[in-house]
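Asker: Produce the complete structure using the sequences and hints provided.
Protein chains: 2
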Amino acid sequence: MTDRFRPAARMAGIAPFHVMEVMGRAQAAAAAGRDIVHMEVGEPDFATAEPIVEAGIRALREGHTHYTLALGLPALREAIADFYRRRHGVAVEPRQVVVTVGASGALQLALWALIGPGDEVLLTDPGYPCNRHFVRLAGGVPVELPVSPDTGWQPTAAQIEAALTPRTRAVLLASPANPTGAVIDREELARIAALLRERRVALIADEIYHGLIYEADTCTALACDADAIVVNSFSKYFGMTGWRLGWAVVPEALLRPVEKLAQNLFIAPPTPAQHAALAAFEPATLALLDQRRDEFRARRDLLLPALRGLGFDIPVTPQGAFYIYAGCGRFADDSSALCLRLLDEAGVAATPGLDFGPHTARTHLRFAYTTSRERLGEAIDRLGRLLA
Amino acid sequence: MTDRFRPAARMAGIAPFHVMEVMGRAQAAAAAGRDIVHMEVGEPDFATAEPIVEAGIRALREGHTHYTLALGLPALREAIADFYRRRHGVAVEPRQVVVTVGASGALQLALWALIGPGDEVLLTDPGYPCNRHFVRLAGGVPVELPVSPDTGWQPTAAQIEAALTPRTRAVLLASPANPTGAVIDREELARIAALLRERRVALIADEIYHGLIYEADTCTALACDADAIVVNSFSKYFGMTGWRLGWAVVPEALLRPVEKLAQNLFIAPPTPAQHAALAAFEPATLALLDQRRDEFRARRDLLLPALRGLGFDIPVTPQGAFYIYAGCGRFADDSSALCLRLLDEAGVAATPGLDFGPHTARTHLRFAYTTSRERLGEAIDRLGRLLA
Ligand SMILES: Cc1ncc(COP(=O)(O)O)c(C=O)c1O
Ligand SMILES: Cc1ncc(COP(=O)(O)O)c(C=O)c1O
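These protein sequences, in sequence, are chains P and A.
Mapping to the UniProt record's numbering: the first sequence position 90 is 90, numbers consecutive.
Mapping to the UniProt record's numbering: the second sequence position 165 is 165, numbers consecutive.
What the hints contain is simulated information worked out from the structure, not anything from laboratory work.
Quick reminder that beta carbons are idealized off the backbone N, C-alpha and C, glycines included.
Heads up, a few of these hints could be off.
[Said to hold, decoys possible] Ranges of calculated distance between the beta carbons of each label pair, as one might list FRET restraints:
1) A:62 <-> P:35: 17 to 27 angstroms
2) A:151 <-> P:116: 56 to 66 angstroms
3) A:50 <-> P:345: 43 to 53 angstroms
4) A:62 <-> P:373: 50 to 60 angstroms
5) P:3 <-> A:384: 52 to 62 angstroms
6) P:12 <-> A:199: 43 to 53 angstroms
7) A:226 <-> P:12: 22 to 32 angstroms
8) P:345 <-> A:13: 32 to 42 angstroms
9) A:358 <-> P:9: 26 to 36 angstroms
[To be verified] With the C-beta cut set under 7 angstroms, the calculated list includes, among others, these residues of chain A facing chain P:
10) 58
11) 59
12) 60
Answerer: So, in structure tokens, the structure goes:
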């Protein structure tokens, strides 16, 4: 008798988020009355900025509760295009902008439009955990590009060139990256873009942590390659994770396939969120968001030397996002076990390296500075007592 | 030189929504000053009911703007489970309820969890256009079950039995159905459920138009098969299309695969929408929604005899949703051409049969009564003048 609900074979290859185990355990501990410092959470602790919330409320009161066009509100597509002009000095046509259900939706649309069975996509390891699953769901083959502190946790053009095969159809880069906060160097990005253009391989640039960049000089991939597929989101810099809104900038040739997919897969991105996001680009809102970015920088500047002082190995200063990917070889052979120990014995929740790919998994964990400086200070004290 | 942006082979098989062509043309005509009666739109014309909107606004003011758990807010999962008990007298565990990005997200999760390369899924033709694409994206083979007025536009157990092969893994039914408004008979549903249970084939029941049912006696598929995979949404009866919120009820054996997929594909469904939806189940809200359902019934009762009187062939009285699937063989050989003619010459927008599968496409079009009775009356007058 066959099993009526036998999962599709692909399911064996799809990993859950290991951080969820930490989160579940942290919640149980908190419910039992323990005080937990949450450094496992990959989203800003701030609620969405008030001007955005107020625009959302206005939209709801005005009855903007219907489906929009699959590619999003024309006014929002224009505002996003305009943002590229103003912030990056890059020309983007509104018609190239596709509003999506988060960067998650944008990554899916791009990969499903391009990638078929056997096509290879190069991805960094460590990297955002969902990417390899998106590639697999599209029938493609995720090919890992191991990155290390030696190259600032980002791949080089030479490394990518060595990894290209006749089956490579796309390279997916994130800058700033999750979990390392690593920013790709402007010149290296230009070299990579030129290489991929010559080899007719698509460049997919996940710029979801743009706006949360500290000292580094960086640019959108569109400045290096007008045909880059750029993925972005209102989740991080704009502080709108729960609204589920992102976008992609896609080259003309992919617009029609992406539109057909968007119609069928999503019908449309959330409407109240789209109206709210229109307020995100106003100067007063951007000023507020930049203040929050400065707060993230101050947190990094508090946490980074403290972790180094405790003996975590962090040879490259993370330049963006809100993560520190810390080598913990000095404290444990297995970062997953260490994560549980930090939680159980110090009440500090972090994410095990395992979530980000096998390459550096056992020797690293990710601290997110998505909690106040006061709480970070508390975490540092506790870690100090445990690990001293 | 290979084309850098050559779409994946699958894209050739993914159809756009033909209704978009009608909508685009209708918008252009409206922009040029023409008055268009919109009967092509597959969503309630009402804005979301006030108690739901107010709950959404409260949630935003309270800062509920972060990611939730991938399967949704526990309180919402409980409220949905409770709704099955109260409205249908069926026991559903909150843990079986998966909150999703619309029924669209629920259909994807169910199919990707179950269906792999070569697996067959039986789908009605005509039916909801996206379903065959969801099956194809999962690598499966959509197998059409042609339905006709002879069996009330729904498949019979005998027809399904004849179509089963050793490769069939699921049957996807919708009741009430899009585009026909057809409701599956309670006894027939029980026969189908028993058949599929015996043959170890999953039953996926799309109940998105539940709540919008007129005279017919119907029930949730869960009443016939506790292991049915039920897909539903806040879009239609609850009037929340633009919020992008739906749910699935899944059997225990599929919970873990569905959760892993949900984490990776969507992270979580929209948070403000989830909080808003909590207000959807309050008695005062349900009373309001039932009034709207009664208005839809009154519209059907206006439109149906008028269309029949004009010579459209509608042998089965549609029992639910807000659609009339009308045979137009008397007026044209090709319903797509007729749709354009109705738009251009009468200012009435409808959807060509082509969107719903090839079987009855050329001889049918779909009228949605998602506009006021006054506007429906206007449309009837105009159609009368054109087609008389
Ligand atoms: C690198 C990266 N890309 C994409 C995403 C998806 O985010 P969202 O769908 O909320 O935009 C995340 C979320 O953490 C991320 O870290
Ligand atoms: C039969 C059917 N199923 C599913 C959907 C998807 O709706 P949503 O994703 O808004 O819940 C629709 C939308 O029209 C539909 O008609």
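Asker: Does the Cβ distance between residue 3 of chain P and residue 384 of chain A fall inside 52 to 62 angstroms?
Answerer: With Cβ atoms ~57 angstroms apart, the hint holds.
Asker: Does the beta carbon distance between residue 12 of chain P and residue 199 of chain A stay inside 43 to 53 angstroms, or does it fall outside?
Answerer: At roughly 25 angstroms between Cβ atoms, residue 199 of chain A and residue 12 of chain P fall outside 43 to 53 angstroms, so the hint is violated.
Asker: Does the closest beta carbon of chain P sit nearer than 7 angstroms to the beta carbon of residue 59 of chain A?
Answerer: 9 angstroms, violated
Asker: When you take the CB atoms of residue 151 of chain A and residue 116 of chain P, is the distance between them in 56 to 66 angstroms?
Answerer: Hint violated: Cβ distance 38 angstroms, outside 56 to 66 angstroms.
Asker: For residue 345 of chain P and residue 13 of chain A, compare the CB-CB distance with the range 32 to 42 angstroms and indicate the outcome.
Answerer: For residue 13 of chain A against residue 345 of chain P, whose Cβ atoms are near 55 angstroms apart, the range 32 to 42 angstroms is violated.
Asker: Do the beta carbons of residue 358 of chain A and residue 9 of chain P sit within 26 to 36 angstroms of each other?
Answerer: Check passed, 31 angstroms falls within 26 to 36 angstroms.
Asker: Just to be sure I understand the hint, the distance between the Cβ atoms of residue 226 of chain A and residue 12 of chain P should be within 22 to 32 angstroms; is that true here?
Answerer: Given a distance of about 27 angstroms, which is inside 22 to 32 angstroms, the answer is holds.
Asker: A range of 17 to 27 angstroms was offered for this pair. Does it hold for the Cβ distance of residue 62 of chain A and residue 35 of chain P?
Answerer: Roughly 23 angstroms apart at Cβ, these two residues keep to the hinted range, so it holds.
Asker: With respect to the beta-carbon atoms only, verify the hint that residue 50 of chain A and residue 345 of chain P lie 43 to 53 angstroms apart.
Answerer: The hint (43 to 53 angstroms, Cβ to Cβ) holds, given that residue 50 of chain A and residue 345 of chain P are roughly 51 angstroms apart.
Asker: Holds or violated: 50 to 60 angstroms for the Cβ distance of residue 62 of chain A and residue 373 of chain P?
Answerer: 24 angstroms, violated
Asker: At a threshold of 7 angstroms, is the proposed contact between residue 60 of chain A and chain P supported by beta-carbon distances?
Answerer: OK, holds: residue 60 of chain A within 7 angstroms of chain P, min 5 angstroms.
Asker: Does the interface hint hold: is residue 58 of chain A within less than 7 angstroms of chain P, judged Cβ to Cβ?
Answerer: 10 angstroms, violated
In this structure, the hints that do not hold are numbers 2, 4, 6, 8, 10 and 11, in rising order.
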